[in-house]
Amino acid sequence: MKLLTKTGLNFISASIFFFFIGSLGGYYFIRYAVNKMFNNELLEAQQMVEANGGAGLSYADVHVDTLNLRLDTKQYAFTDTVMQYGADSNYEFYRMLRYRRPINNGQTVQYTVIRSTAPSDLMVMKFTLMLAVFPVIFFLILYLVNRASIKYSLSVFYDTISKLRSFDVNKDNRLDLMTSDIDEFEQLNEVFNAMERKIKEDYERLKEYTENTSHELQTPLAIINARLDELIQADNLHEEQVKNLAGLIETTNRLSKINQALIFLAKLDNRVFSEAEELDFIALVQKELNNLDVLIADKQLAVKVESKGGLQVTMNTSLAHTLIQNLLKNAIRHNVQGGYIHIVIEEYQLRISNSGVTLKHAPEKMFSRFRKSSQHPQSLGIGLSIVKRICDISDIAISYKHKDNEHIIQLLFNK
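The opening residue of the sequence shown carries number 1 in the working numbering; numbering runs sequentially from there.
Treat the hints as calculated values from the structure; they're not laboratory data. Please read all numbers here as calculations on a predicted model, not as lab measurements. Treat the hints with care, since some could be wrong.
[Stated by the list, open to error] Straight-line distance between alpha carbons at most 30 Å, and here's what the computed DSS-like set of lysine-lysine pairs gives: (1) K299 with K403; (2) K207 with K287; (3) K401 with K287; (4) K308 with K257; (5) K207 with K163; (6) K403 with K304; (7) K401 with K388; (8) K287 with K299; (9) K287 with K126; (10) K403 with K287; (11) K151 with K126; (12) K403 with K329; (13) K6 with K36; (14) K329 with K243; (15) K401 with K304; (16) K388 with K200; (17) K308 with K243; (18) K126 with K36; (19) K257 with K287; (20) K287 with K308.
[Stated by the list, open to error] Here are the simulated distance ranges between beta carbons: (21) V305 with E277: 15 to 25 Å; (22) G309 with D404: 21 to 31 Å; (23) F138 with L69: 13 to 23 Å; (24) N40 with K126: 17 to 27 Å; (25) T213 with T251: 10 to 20 Å; (26) A148 with E277: 43 to 53 Å; (27) R101 with F19: 44 to 54 Å; (28) S155 with N193: 14 to 24 Å.
Ideal placement from N, C-alpha and C gives every residue a C-beta, glycine not left out.
Given only the sequences and the hints, what does the whole structure look like? Please build it.
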């Protein structure tokens, strides 16, 4: 829930609660004041009746009765009642006073004074309507003004979020955050600007170190390989020495491949590959399968390519070849002898399924760098990491799932 919506809901909830309490209080206060006014008028009418028989009394009706009831003190009682005058008339609300006082011979005289409350009811209704309508309009205006004010104040925040979301450490750009007259936002901008400078400085140093290290390793590795080749070709070597030299050559070759893979990953991180063209992935898959036919034949794999629609994608050619090549190598390397590879090509979708052994680690770690399989120790553990990075920079969604002994990698291309 957005902050603007949250504050708006809190404001409305609090306003409704206090408005309801205030309306009830206002209604009962007005009703109490009106009833008190009527009570005074009824007492005045009763006193006029006692004094002069009610001469000149026009706003109330009075009934005088004599009761065979002994009282020691006077009694007053005010009540609200509903009465009907005539068979065809409507019921009306009245305020009534019953006043009793004792007289001689053990009897009591009772004065019943009533007055219609219709005019006051209309007045109470108008006041109640005012209490309901005007506060609602007031709170609505206040809510809209408050919402506009908060939205304007948060425009700096939303601008900062947008620029942070589009920030790319590989690009030579600055955040250039919007200034604000709110101190907290200005402090936040200062923190982000300092963080941006620090991130770029650290990234440049790390990138420079990685590039220098990777390139500097190439020369000594090449020298080591050359010297080992010269040594292994010597005539005076024992069988054990030849095996040791062969192991060293394999180790240095492996180290060279890892170094080249890291250089390639650094290029991906730096987005060196930018040129793109439209590629036919059906032809691309077929070409890579032809290049890997020796490995496929060595494992006696049954390969099936099923095309359900053309897959034309605009991306860098080198990255596309590396992507398909690494996926196919992975499907071959982690397959079983006499297994299968099933490739399904659809519009905007490519799925590679292969047989294999049961996965021994969590599926979400499949694309982690240097994730090696215990069944294939010769693997560098970096191929699927390259695949994942290529998908990230090419806007391709990649997913992996396995069921029993079948492994499925699916690519979803942006439409």
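Evaluated hints:
1. K299 with K403: holds (22 Å)
2. K207 with K287: Not OK: K207 and K287 at ~34 Å, beyond 30 Å, violated.
3. K401 with K287: holds (26 Å)
4. K308 with K257: violated (36 Å)
5. K207 with K163: holds (23 Å)
6. K403 with K304: Holds, at roughly 19 Å.
7. K401 with K388: Cα-Cα ~15 Å, so holds.
8. K287 with K299: Holds. K287 to K299 sits at ~19 Å (cutoff 30 Å).
9. K287 with K126: Not satisfied, since the Cα-Cα distance of roughly 86 Å exceeds 30 Å.
10. K403 with K287: holds (29 Å)
11. K151 with K126: violated (37 Å)
12. K403 with K329: holds (20 Å)
13. K6 with K36: Since the Cα atoms of K6 and K36 sit roughly 45 Å apart, the hinted pair is violated (cutoff 30 Å).
14. K329 with K243: Distance of about 28 Å is within 30 Å: holds.
15. K401 with K304: Measuring from Cα to Cα gives roughly 19 Å; hence the hint holds.
16. K388 with K200: holds (24 Å)
17. K308 with K243: violated (51 Å)
18. K126 with K36: holds (19 Å)
19. K257 with K287: Roughly 23 Å between the alpha carbons, so the hint for K257 and K287 holds.
20. K287 with K308: Answer holds: K287 to K308 is near 18 Å, not above 30 Å.
21. V305 with E277: 15 to 25 Å: Given range 15 to 25 Å: holds, Cβ gap about 23 Å.
22. G309 with D404: 21 to 31 Å: Given a distance of about 28 Å, which is inside 21 to 31 Å, the answer is holds.
23. F138 with L69: 13 to 23 Å: Roughly 55 Å apart at Cβ, these two residues miss the hinted range, so it is violated.
24. N40 with K126: 17 to 27 Å: holds (22 Å)
25. T213 with T251: 10 to 20 Å: For T251 against T213, whose Cβ atoms are near 19 Å apart, the range 10 to 20 Å holds.
26. A148 with E277: 43 to 53 Å: holds (49 Å)
27. R101 with F19: 44 to 54 Å: holds (47 Å)
28. S155 with N193: 14 to 24 Å: holds (18 Å)
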